[in-house]
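Build the complex from these two chains, which are given one at a time in their own frames, with help from the hints.
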Amino acid sequence: VLGILSLLAIAGQNAGPLLGAQAIALRATLIGAAIVSTLALGVGVLLGVVGGGGPRLLDALLRLVVELSGALPSLLTAVFLLSVTPGWFSTLFALGLLRGLDIAWLLRSELIRIERAERGGIARNLGHTPLASFFRRRLPRAVQPALIGTSLTCAWLLTLDSAVSVAALGPRQGLSTLGALAVNASSAPQAVFAVMTGIVVSAALYVLIRALARTQSPPNSSVSPPVTQRSLRSAEASQE
Amino acid sequence: VTLRDALRRSLWIAFALVIVSIIAFWGLVRYGERYRGTSEATPLRHLPVFVNAEPRNARDLALAAMRSVAQDRPDASAAKAQLVRLGGAALPHVLPAFDTLDSTGRGRVALALMPIAERMGLAGRGELTSAEAAVPFWTRFWQDRAIDYRPQVVRRVVSRIAERSFALRREDIQHLDTYAMSAVIAELGSVETSEDVARVRRLTGILEHVTGLPWRAERGASPESTRKLVERWHTFWDEQGADFSTLDGPRRVTAMVTETRYAKWLSAAGRGGLGRTHDGRTAFEHVREHSRGTLAAVLAILVLGTTLSLIWTRLEELDTLHRSTRLALSAVGITFASLPLPALYGVRGGYAFIVLAGALSGGALISRYVRATHRLADDNAGTGRLRLRTLLAASGPTIGLHASLAISGLIALEIAFGLPGLGASAVAALRAHDVNAWMAEALSIALSLLLVRHISDVVFAATSGTPRVFLDEDQAAS
Chain U
1 VLGILSLLAI AGQNAGPLLG AQAIALRATL IGAAIVSTLA LGVGVLLGVV
51 GGGGPRLLDA LLRLVVELSG ALPSLLTAVF LLSVTPGWFS TLFALGLLRG
101 LDIAWLLRSE LIRIERAERG GIARNLGHTP LASFFRRRLP RAVQPALIGT
151 SLTCAWLLTL DSAVSVAALG PRQGLSTLGA LAVNASSAPQ AVFAVMTGIV
201 VSAALYVLIR ALARTQSPPN SSVSPPVTQR SLRSAEASQE
Chain S
1 VTLRDALRRS LWIAFALVIV SIIAFWGLVR YGERYRGTSE ATPLRHLPVF
51 VNAEPRNARD LALAAMRSVA QDRPDASAAK AQLVRLGGAA LPHVLPAFDT
101 LDSTGRGRVA LALMPIAERM GLAGRGELTS AEAAVPFWTR FWQDRAIDYR
151 PQVVRRVVSR IAERSFALRR EDIQHLDTYA MSAVIAELGS VETSEDVARV
201 RRLTGILEHV TGLPWRAERG ASPESTRKLV ERWHTFWDEQ GADFSTLDGP
251 RRVTAMVTET RYAKWLSAAG RGGLGRTHDG RTAFEHVREH SRGTLAAVLA
301 ILVLGTTLSL IWTRLEELDT LHRSTRLALS AVGITFASLP LPALYGVRGG
351 YAFIVLAGAL SGGALISRYV RATHRLADDN AGTGRLRLRT LLAASGPTIG
401 LHASLAISGL IALEIAFGLP GLGASAVAAL RAHDVNAWMA EALSIALSLL
451 LVRHISDVVF AATSGTPRVF LDEDQAAS
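Each protein sequence line maps, in turn, to chains U and S.
Numbering-wise, the first sequence is residues 1 to 240 according to our numbering.
Numbering-wise, the second sequence is residues 1 to 478 according to our numbering.
One thing to keep in mind: the hints can contain errors.
[Said to hold, decoys possible] A partial selection of chain U residues facing chain S, derived with a Cβ cut-off under 8 Å: (1) T38; (2) L68; (3) F80; (4) S133; (5) S176.
The hints are simulated quantities; they were obtained by calculation from the structure and are not laboratory data.
Computed from a predicted structure; not experimentally measured.
Even glycine gets a Cβ: it sits at the ideal position worked out from N, Cα and C.
Isolated chain S (complex conformation) (with noise of 0.2 Å):
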């Protein structure tokens, strides 16, 4: 194998993990409707799999809310409360269009908006009360802040309250409501020290503000559990963020992909550890730690099971088939006498049983096509080493095969025993609808098995390409 051969093998398995992950993900969003109603358990159950043709943003949201309040539809005590949820991210888009309302429903929206004013501190609880205080309220507003509301500003200030606390930036970003809060997830970035534990602390302060998210860092907290919480408000961003940004031109079409479910999990995967499974270690953490055992089993059973073939055909070739006969008898003997082993000896014999399962089985199986492809050659195929090689030539495609149907028996087998293995677990994930634990196992066992069909891809180039069955052509003209 060339370094050439290497690098384009490697690149090749990347595509193919990400074909795999695309199939993986629309396989668990298919599953989930068909056997548990719907995917009820997912947060991002309203965005589309792969292709958001309509993202949501908060012109969309803020404009829809707007129109039911102003015209008293009966969902308009709904939209009051997305009004005040979408809160500061709303008003550039709210505000500017109250010209277009009638004098009626410009009141209606003025008072629907008021909430939002007692949380940034402009107006006191039951203050404005009535449509002519409120209408002139924000036209006023609007008039001194609309400049404010820029992005770049935005970034500014919360860069500065991210250096540095002062009462005074802090009245700043709470004018700004949810509008600085992309600024603000922004700046949270990573959590190594004291330092970051302080800044994480002053902005999750303004983000439990303006949600009402009781997610703030504690005055003393270590880095560790501000990390989670720096790590749950990136999630709570990937879930709802979109509902506060406001998206135009490339970012909108950017956000046909990224506001996905299936970009979302590969957001949460980016940011380390491959996301959070449902009992909250990360999904790198949960795989390491059940696929010990089944990924020693599955070499176990490739190994064993191809030396078992290739005894099996060579006992046959040497027409000694009472040798080859007790040979399948006594693996079968053994197997049903480690039927126990389970029981007695609980994860290791369970493995112990499923190798030798494993490896009986696909011995069995891999001896037959190798003995359908060498019966053709067995006259021509030499002796001692050659035939060998013939034998690893005739058995390199049906490895890559094998071992699929392997795991499969594999996991149905951990299953039945009760063994933590990677592919019981990955059933289990794939029934609780675990996004981030289902990705991660379907994905290390993808990789596990076109690792097992490249090597035995190498072994069958390596060996078929040699002359051993027939003469060489120069042998053949003389």
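Looking at chain U on its own, in the form it has when it is part of the complex (with noise of 0.2 Å):
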């Protein structure tokens, strides 16, 4: 809907050059989010099982990173990145570490939060070594909240990518994504045209990547089905 819309605010206009720019910005922002959360996921997942499963050391470390990464705004931040670093792929490299450093975190707090629920005691009842309790049962559990970070991160990147451009702070030109599209457009249909091509990217990513947190949901058959309160509940019915 918000598409036809959009389309439907050209209309008369010169859509042409307009759809020419959305496309080069939509072609862009693609790239960039690609990298982003490819990045992202992979370093997060990595981190965050080191940190949620590790020794205290490296969670402490862990802690320490993404503490100081998230004391500044990251509008700031990414200023910073694209100031230090030398071209447009490293800014994105440098961002996918930065990402995958929230994602991490998340994971990291998933896994404990699971530990401290289970106990450690359940899944060993049931047979698992601890390791394989790590990589059956709990992992797959605490990875959900990773991938819906994973998915919002095209969101995430949109939102920096306006921010700068609305503060312009960030380079004065050669940049053309659709963050930089929507503040800098020349005409007011361009603009809200490029808002709703982001939206309509972020939703059908967050939708895309969701969809594959589902398929990875647990639990899956190879793994037993926890005690809880409801099977219990549901023994003692049977048993009644």
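Structure representation (structure tokens):
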């Protein structure tokens, strides 16, 4: 609906160049989102596993890095990354690492939460070794928020992109992304169309990765179901 | 939260702020170099940012200028000006080195030093215009006065004149010229009473004479204006003091850190008020003026956003999709309807819109995380208060992460609506390379974010350690 409204908005205008600019901006945004999301998920899962399942020292180190990276607003961190990185791709790489820290924190927190909730006993009682318990039970459950975080990375990137353009802190020329186009558009329809395209792309990526997250959702058939209040109640009911 | 935990977290926040200050300072410098060509407006641009491997000092500058003048190099005229600027601070290094120069070079240097003798009141204008007269003059001067060029002697003379003015003592200090500057600056002290004003007037008179800068306290000046004047002299000393000081032994090692831009900022911030901004106010006043609306908005966004996310998640859990959809649409509708608020109600309207938009987007984001976490346990999460605790535990880690992005959005909206908030002000300071304003604002924002993160951490720790998802082990065993 938003897409149709946007097309209606630009009807009567010079649609050709407008759509061309949108296509270029869309391509740059999608490439950026793909690089940042992939890197963020990879780095996030790796660091999250180390933080949530590894030695406490590494967890403390992760905490230190995450806290420092989050102590400044993402906008200012992004501006600094733009200042210190030599090119566009290296900036995306750095943003991927930055986002990866957020995802690692989510994963680590969830791993710890599940560990505390299970109190370490249930899975071992069911016959799993601690390692198997970690990789077959806790990690698949804990990775869900990390996947949601990854699915929202495109929206995160677009917000930063727009904020940097609004604040006029980044490079004045040479960047053509949806966020920059929305802010620096030459006409109102172009800006509206860029905003709408950004929302649609973010929503599409969110839905896509969320669907992937659901297909990975535990429990799977190889893992015994946990003993829960509901299962206990149903067992009591069946006994009665 | 125990007292020990609170103390540990406070220390941790202080440590994090130190690291953030280094990052923010480095970011400011790099941003200036990348997007403003160079940090051309910075008076400290000759200094390295964090480590100064070769700190400048009076000896190096004086000897380099002396060699240049003696050998009549192409930059000799600049070197002569440098010797005059260094004044008395150069004499303990240049005059004993006369013997190392050939007679022609010695004559050139002696003549180049004559403006200093005029400033000291030792020679009249136009006297001693030949090298034959100038060299014996300086040789005699050093034989007579070398004993006065010692830090202890200078400190004693300056402290006496700070206490009470005597023409003879003024003359003594005048003969030391810029060599006495560090002691004079140190004696400026704080300004509270009219006696302090009189002392500063005496001392700034000396400083005005040796530097040529017209910054002297007027007769009958108020303590407030005198304080500003003292601060100006301290700033001058921060920027150029090393040129008039000699660094030996431990002082040279210390100067590797203190003679940097970061240390100069720290020094300015430590003098009170976090230093002066470009508009002349203290950075603390600057932050206080701009932070009220911004911090209130951030707090409202986080509280409303978290509440909204919990309600949203709960409605989804109850399988009342139509209710959650209705809530979502209402929130979106209210936000869009509030779009004219900034135009209609100015600053308050602007912040109202920012809070609504931030709470809506924050609520949506946090609810997705909470839902993803909570969906896994919704069979087991109990009811009522237990379920609320489970929801809070799930939202804990995401609040801190959301706060960083929320402030980014807030900064952009403050700029877009022209609101005088902390974020917009910080961005303006970054663009204008206003070091003191930028650092004060960046640290205020960082402190807010760190506090939010620690509070969300406490919420997470307090709610995630309870046996709510699965049965207790003893129950499971039974």
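Hints, one by one, checked against the model:
1. T38: violated, 19 Å
2. L68: Hint holds; L68/U Cβ to chain S Cβ min 6 Å, cut 8 Å.
3. F80: holds, 4 Å
4. S133: violated, 13 Å
5. S176: violated, 18 Å
Violated hints, in rising order: 1, 4, 5; the structure is consistent with all others.
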